[in-house]
Amino acid sequence: VLQKQKKIIDLDLDCTAFALPGNREKGHTLITQIGSQLGTLESLRKLTVDFKGLADLVVDSDIKNVMGFMKNLSKLQSLDLSFKNCVKLSDQGIGYISGVVGSLTALKSLCLNFQDCKNITDKGVETLKNTLKGAPSLEKLLLNFCDCSKITDKTLEDLKEASFGLTKLTQLDLGFMFCSKISVTGLGELLDMIKNFPNLRRLYLDLSWCEKITKESLKPFKEYLQTLTSLKSLELCYGSSKIISIEDLKK
1 VLQKQKKIID
11 LDLDCTAFAL
21 PGNREKGHTL
31 ITQIGSQLGT
41 LESLRKLTVD
51 FKGLADLVVD
61 SDIKNVMGFM
71 KNLSKLQSLD
81 LSFKNCVKLS
91 DQGIGYISGV
101 VGSLTALKSL
111 CLNFQDCKNI
121 TDKGVETLKN
131 TLKGAPSLEK
141 LLLNFCDCSK
151 ITDKTLEDLK
161 EASFGLTKLT
171 QLDLGFMFCS
181 KISVTGLGEL
191 LDMIKNFPNL
201 RRLYLDLSWC
211 EKITKESLKP
221 FKEYLQTLTS
231 LKSLELCYGS
241 SKIISIEDLK
251 K
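According to our numbering, the sequence shown is numbered sequentially starting from 1.
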């Protein structure tokens, strides 16, 4: 079907339909077919793919196949990939994603959802570092590692290093809910990262139930955000609390 729509510029693909009875047995074949058809849409500007419905089937080799076809999408400006609950996805899979994303030079918006991908570690995130360094056109970045329990402060250190080249970034969404290994050290790296975004207009940061992050440890973070004049929208979650406005920072 997609092969007949070569001039399409905006595609939102929900894989739930592929999980219907009779299809799941062909899961890996279907995933490869999805990738091969996506690769023909060379006019595509915006692509959203949600692997729900096939999440429990997706393995690293599937990601390698799909991402390999995406190399042809040289005009792509917005990429949103959700691997939520893809429990078999590992650091190797993130490596395949990173390699292809780095070749999409027109990209302005990147959203990667790895929520509940419990095999992902700092090593996988490290592969994203050089990719982000080479993406100076990015204006929006969303990375969701909620419930990725192996993620540590090292991930935040790598994201900080990646941030130096992202001078055009205006929106940053980061999710680390239930990442219990993140500490005050990681929070410091995160603060240094945000200082590299003088034009940041929207910030969403989820540190809910990160046991080592306290209200007191957030004080330097909150103080800096009050000085960021470009910031117009804010949501900061920690413990069971939430700050939903810039005015709340003063409380």
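Keep in mind that the hints were calculated from the coordinates and are not lab data.
Keep in mind the model is a prediction, meaning the values are calculated, not measured.
Among the clues, some could well be false.
Claimed, not checked - Calculated pairs, PhoX-like style, for lysine-lysine (alpha carbon to alpha carbon, straight line, at most 20 Å):
no. : residue 1 : residue 2
1   : K140      : K168
2   : K71       : K133
3   : K150      : K168
4   : K232      : K195
5   : K71       : K46
6   : K242      : K215
7   : K108      : K160
8   : K168      : K212
9   : K160      : K150
10  : K154      : K212
11  : K118      : K133
12  : K129      : K150
13  : K7        : K52
14  : K129      : K195
15  : K133      : K215
16  : K219      : K250
17  : K108      : K46
18  : K133      : K168
19  : K52       : K118
A quick look at each hint next to the structure:
Our distance criterion of 20 Å between C-alpha atoms is met by K140 and K168, whose separation comes to about 9 Å. Straight-line distance between C-alpha atoms of K71 and K133 comes to about 18 Å, which keeps the hinted pair within the 20 Å bound. Restraint check for K150 and K168: not satisfied, since their Cα atoms lie roughly 30 Å apart, outside the 20 Å limit. For the suggested pair K232 and K195, the alpha carbons sit about 16 Å apart, so the restraint of at most 20 Å is met.
Distance restraint check for K71 and K46: the Cα-Cα separation of roughly 14 Å lies within the 20 Å cut-off, and the hinted pair is therefore satisfied. About 11 Å separates the Cα atoms of K242 and K215, which keeps this hinted pair within 20 Å; it holds. With a CA separation close to 19 Å, the supplied pair K108 and K160 stays within the 20 Å bound. Between the alpha carbons of K168 and K212 the distance comes to roughly 32 Å, so the proposed pair goes past 20 Å and is violated.
Straight-line distance between C-alpha atoms of K160 and K150 comes to about 19 Å, which keeps the hinted pair within the 20 Å bound. Between K154 and K212, the direct Cα distance comes to roughly 15 Å. Compliance with the 20 Å bound is thereby established for this hinted pair. Between K118 and K133 the CA atoms are separated by roughly 25 Å; this puts the pair beyond 20 Å, and the hint is violated. A threshold of 20 Å between alpha carbons decides the hint, and for K129 with K150 the separation of about 17 Å falls inside it, so the pair holds.
Proximity of K7 to K52 is assessed by CA-CA distance (about 26 Å); at most 20 Å being required, the pair is judged violated. With a C-alpha separation of about 17 Å, the suggested pairing of K129 with K195 holds against the 20 Å cut-off. Pair hint K133 plus K215 does not hold up; C-alpha atoms about 31 Å apart against a cutoff of 20 Å. Between the alpha carbons of K219 and K250 the distance comes to roughly 10 Å, so the proposed pair stays at or under 20 Å and holds.
Distance check on the hinted pair: K108 and K46 sit about 10 Å apart at the alpha-carbon level, within 20 Å; holds. Between K133 and K168 the CA atoms are separated by roughly 12 Å; this keeps the pair inside 20 Å, and the hint holds. For the suggested pair K52 and K118, the alpha carbons sit about 16 Å apart, so the restraint of at most 20 Å is met.
Going through the hint list in order, the structure does not satisfy hints 3, 8, 11, 13 and 15.
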